[in-house]
Amino acid sequence: MSKNNKIHEPLFHIVKRGALPFWLSWLIRIIAIVASLIVCGVVTIILTGENPLNIYKTIIEGAIGSERRIWSLFQNVAILLCISLAVTPAFKMKFWNIGAEGQVLMGGLATAACMIYFGESLPSIVLFPVMIIASVVAGAIWAVIPAFFKANWNTNETLFTLMMNYIAMQIVSYFVYLHSNPVGSGKIGIINSTTQAGWLPKIGGKSYLINIIIVAVLTIGMYIYLKYNKHGYEISVVGESENTARYVGINVKKVIIRTMLLSGAVCGIAGLLLVAGTDHSVAKETVDGRGFTAIMVSWLAKFNPIYMILTSLLLVFLEKGASQISTDFGLNDSFSEILTGIIIFFIIGSEFFVNYSVKFRHKDKEANKK
Amino acid sequence: MIVAFIQRAIVQGIPLLFGSTGEIITEKAGHLNLGTAGVMYVGGISGVIGAFIYENSVETVNPVLAVIIPILTSVIGSLIMGLIYSFLTVTLRANQNVTGLALTTFGVGVGNFFGGSLIKLTNSDLPSIALSATSNCFKTQLPFADKLGWFGEIFLSYSFLAYFAVIIALLTSFFFNKTKAGLSLRAIGENPATADAAGINVSKYKYFATCTGSIIAGLGGLYYVMDYACGVWSNDGFGDRGWLAIALVIFAVWKPNLSIFGSILFGGLLVVHNYIPNLTMASQEIFKMTPYVVTILVLIIISMRRKRETQPPASLGLSYFREER
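Sequence lines, in order, name chains Z and E. So in the working numbering, spot 346 of the first sequence is number 346, and the numbers just go up one at a time. So in the working numbering, spot 168 of the second sequence is number 1168, and the numbers just go up one at a time.
Treat the hints with care, as some may be off.
[Said to hold, decoys possible] Here are a few chain E residues that sit away from chain Z, every Cβ distance over 12 angstroms (derived from the structure):
#, residue
1, T1104
2, I1168
3, I1200
4, I1276
5, P1291
6, M1304
[Unchecked claim] Computed footprint of chain Z on chain E, listed as stretches where at least three residues anywhere in the stretch have a Cβ under 8 angstroms from a Cβ of chain Z:
#, region
7, 1051 to 1058
8, 1069 to 1077
9, 1220 to 1226
10, 1245 to 1254
Don't read these hints as lab results, they were simulated from the structure. Just so it is clear, CB atoms sit at the ideal spot from N, CA and C, and this is done for glycine as well.
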């Protein structure tokens, strides 16, 4: 025993926590967000020399300063949320689909192709269903290719889906060069700008409202699918342990492929909303990294579609606010990426304190004495 | 023309070689660092910041200092990125994919932000960042390279950083196969619990691997700016090379010595469309996707063949917590 006593006990050690009460885990996260906002403020002060109150005021003004900005904020939240919803079932299954960027882009490309090829020949009552089917199928195909290989040969899906993004980008830029308008400009311009064929309709004069409504419906649908549907349950079991899933008789291959079809299909819809409902054009940069941001949104929300509304709102709010800072203070607009990065680092870090607790040496000794 | 093509391929390949060597070291410790793209941006811009401040603070540029200062600042920049990543994923056991993607967002943001605002922030009156003096020091070639004809052009016409990249790749290969520390590192990537039981300090090795990997990857960014881009920083100029470096890791089946050839091949695939006559702009875009298609094929083949030597490290992407077994 005396030997045991001589062993150097580390200063602290880490213990996995049991379930924390709901309010405490959120308190930790809120503290992390506040701390990250303070750090962001300090960074901004160092770079601009402006006083902090002004900076936060600018962020808020940039995000919700006018009616137009509020609409643009919500439209951006809708798109980001839609992509986040798409990646969520895959993540719950521990299938790291980081190919949302490419899946959305393929959906958008399919939409754009329908608008260009059929925009004049088909009446809109036929055109819209064709566009929807094309975008969903395109997104689903792009997602199911890696899923097929994962299910059959356990091919690394993270790297596979990542590579698929860049193939999608090159296909889009091929398409853009083929159809560039004016010819040779390397840009596709606004599709059907005079006839507006294939543009999603305005509701009550608000052009983005239909996007927001569609995504709201999708959010509720996804929540129900994951929480109250047998498929949702199978997804969580496969995510927790593939062996358990096999043992209870779940066909893991089928679940992987089915879930990725769904994931890709929703990505396709996001592409439809981006091209037909927002940009009315398509380019390599249409998705603009949102496929990656969506992963963070989904993960930060613990894969819960309702929380995702909040996390996507937070990220878009900051992005808009930070880009206002860069315009006001004459800085480069990549400033928002730095702030987003800092905030995500803090939130990622805070999860540690939700899941683990740190025990210090002397505390244990006191406990032993008792 | 073939000589010129090989030369361009190598110049294009070197940043990828740095990136993939760095990423291999990180992945061998079981960490899939998707932040490499961001790290390479930061490595590049930190070098630019160092060089910019140095060039503007002295009358005549001392060639030795002009090389050492950017390398030093670049190393510091990438080291900070590596520390952020390893603190979050090793100490705080955060999800590696999410952390990596956040690191990329952050790193690309830092690169473009300072690239676009450096002039304003330093109140300088220059129109753009063009570090030609520093770039010239970086591009110093061997004096006898141009006397040796095609041999000199293909093998000797590069700057010292290019040779450095090859040497690092070879050293890394040696490190993994012939040294005790390298074997321990590989053990951690395969099964950290076993390595821990064998008395290897898992966290220390993981930190070491991630930070070293970041520094090496960052040098790729530096090489790109100082050599390929002649000291001119352009936002998003570095493009998707960071992701291509990750692709190269798979292509080279986690072997640094193979990634030397892989990087040249990928570099060639990146520029091959310039050398094929009568290509339209559109079909050039199709050519640019070849490196990614090739990578996917390699990925599929290695997963189908299941040869043990060519598999990814077994615990790649999983964080290790001693009490969780």
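Outcome of the hint check:
no.	hint	verdict
1	T1104	7 angstroms, violated
2	I1168	23 angstroms, holds
3	I1200	16 angstroms, holds
4	I1276	15 angstroms, holds
5	P1291	8 angstroms, violated
6	M1304	5 angstroms, violated
7	1051 to 1058	violated (count 0)
8	1069 to 1077	violated (count 0)
9	1220 to 1226	violated (count 0)
10	1245 to 1254	holds (count 3)
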